[in-house]
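Chemist: Start from the sequences, fold in the hints, and give me the full structure.
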Amino acid sequence: MLFKFLLLIITFQNIVCLRESAVKRCARAADSCLLASEAVEGPYYWNSTVRNDITENRPGIPLKLSITVVDIRSCLTIPNAVVDLWHCDGIGLYSHYIAASQGQMNGPNDNSTFFRGQQITNSRGISIFNTIYPGWYRGRATHMHVKVHLDASLSIMDGGAIYTKGGHVSHTGQFFFDDSLTDAVATVYPYTTQTIQRTLNDEDFIYRESNGATMIVPIRFLTDEFTGGMAGEITVGIDPTATPQPAGGGGGPRPPGPPPGPPPS
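Numbered according to mature numbering (1 follows the signal peptide of the UniProt record, and there is no 0), the sequence shown spans residues -17 to -1, 1 to 248.
Hint data in this document are derived by calculation from the structure and do not stem from the laboratory. In this text, a Cβ means the ideal position worked out from N, Cα and C, and glycines have one as well. One or more hints might be untrue.
Here are the computed lysine to aspartate or glutamate pairs in the EDC-like style, where the Cα-Cα straight-line distance is at most 20 Å [claimed, not checked]:
1) K148 x D134
2) K47 x D161
3) K47 x D207
4) K130 x D36
5) K47 x E216
6) K47 x D162
7) K47 x E208
8) K130 x E192
9) K130 x D207
10) K130 x D222
11) K47 x D36
12) K130 x D185
13) K130 x E208
Using C-beta positions, here's what the derived DEER-type ranges look like [said to hold, decoys possible]:
14) N105 x T176: 34 to 40 Å
15) I111 x Q228: 36 to 42 Å
16) R203 x I145: 40 to 46 Å
17) G150 x Y172: 37 to 43 Å
18) P42 x G150: 17 to 23 Å
19) N194 x M140: 19 to 25 Å
20) P173 x G143: 18 to 24 Å
21) P227 x I111: 24 to 30 Å
22) S136 x R191: 24 to 30 Å
23) R203 x D134: 30 to 36 Å
24) G142 x R191: 30 to 36 Å
25) R191 x N92: 29 to 35 Å
Modeler: Here's what the structure looks like:
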């Protein structure tokens, strides 16, 4: 009798999960304290400023992304952590590496800074970024990059731009998005201008190797139409004492100092 009752509960939970749409998929609870998988840093990392809005008016579907940082040892949230976020624009280009992300050359070659920023977690361990739903490029599923820095200090540069310095990196990872949702996003501008065949999550080796299914960002719509804006919330569980190397060792070390050129507005 007990077995049948438990089986009924499991079956009901599975049905609920399956019935949820791509934007309301089953996800880890906000109070989860699972260790987030490390993922490759990638070739397009560069220091960025502390700022909430990282769009710089680039086109795309607005996305308000909330990232909660949790200590897996205690399941308590971590205030004053530096969350470092970067991703490509709606057509697959990375700022500071525009030529490189078009396959024209290697390394940074411009001073652009769109879709790069850092936020300090608040007393509840939450950082919030105003960005867009990211685009995609050849060979990779739709994703964002994230680092979590601890014990960093703030430095105010001429012009008022705020940078972090010092401390240590306790996590380097990637966020992913539901393929069905990206299918819908691909039907609107500027995503329609991307002509390459999109790589699905299960086809992405980094997604597979870094247990990417656990880092899919749950998304909800802010209006009746998804083009009117989205909100996403995800939890990143870290060991604050750890200094893990990014999986695969790609991308090299954190570059010293602020990026060249004028600070972003």
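Chemist: Would you mind marking each hint as holding or not holding in the structure?
Modeler: Comparing the hints with the structure gives:
Between K148 and D134 the alpha-carbon distance is near 9 Å, which keeps this suggested pair within the 20 Å criterion. Straight-line distance between C-alpha atoms of K47 and D161 comes to about 16 Å, which keeps the hinted pair within the 20 Å bound. Restraint check: the Cα-Cα separation between K47 and D207 comes to about 16 Å, which is no more than 20 Å; the hinted pair holds. At most 20 Å may separate the alpha-carbon atoms for a hinted pair to count; K130 and D36 meet this at roughly 17 Å.
Note on K47 and E216: the hinted pairing holds, with a Cα-Cα distance of about 8 Å set against a maximum of 20 Å. Between K47 and D162 the CA atoms are separated by roughly 19 Å; this keeps the pair inside 20 Å, and the hint holds. With a CA separation close to 15 Å, the supplied pair K47 and E208 stays within the 20 Å bound. A C-alpha spacing of about 18 Å is found between K130 and E192, which places the hinted pair at or below 20 Å, so the restraint holds.
For the given pair, K130 sits about 33 Å from D207 by alpha-carbon distance, which is inconsistent with the 20 Å threshold. A threshold of 20 Å between alpha carbons decides the hint, and for K130 with D222 the separation of about 13 Å falls inside it, so the pair holds. The suggested pairing of K47 with D36 holds, with an alpha-carbon distance near 9 Å, which does not exceed 20 Å. With a CA separation close to 23 Å, the supplied pair K130 and D185 exceeds the 20 Å bound.
The suggested pairing of K130 with E208 is violated, with an alpha-carbon distance near 31 Å, which exceeds 20 Å. Between N105 and T176 the CB atoms are about 37 Å apart, so this pair conforms to the stated range of 34 to 40 Å. Between I111 and Q228 the CB atoms are about 28 Å apart, so this pair departs from the stated range of 36 to 42 Å. At roughly 30 Å, the beta-carbon separation of R203 and I145 lies outside the given 40 to 46 Å, and the hint is violated.
At roughly 40 Å, the beta-carbon separation of G150 and Y172 lies within the given 37 to 43 Å, and the hint holds. A hinted range of 17 to 23 Å for the beta carbons of P42 and G150 is inconsistent with their spacing of about 34 Å. Checking the proposed 19 to 25 Å range against N194 and M140 shows it is violated: the Cβ atoms sit about 38 Å from each other. Range check, P173 to G143: about 30 Å between beta-carbon atoms, so the 18 to 24 Å window is missed.
Range check, P227 to I111: about 25 Å between beta-carbon atoms, so the 24 to 30 Å window is met. In this structure the supplied range 24 to 30 Å is violated for S136 paired with R191, their Cβ-Cβ distance being about 37 Å. Here the CB-CB span from R203 to D134 is close to 34 Å, well matched to the stated 30 to 36 Å. Between G142 and R191 the C-beta distance comes to about 43 Å, which lies outside the given range of 30 to 36 Å.
The hinted window of 29 to 35 Å between R191 and N92 holds, with their beta carbons roughly 31 Å apart.
Checked against the numbered hints above, the structure breaks hints 9, 12, 13, 15, 16, 18, 19, 20, 22, 24 and satisfies the rest.
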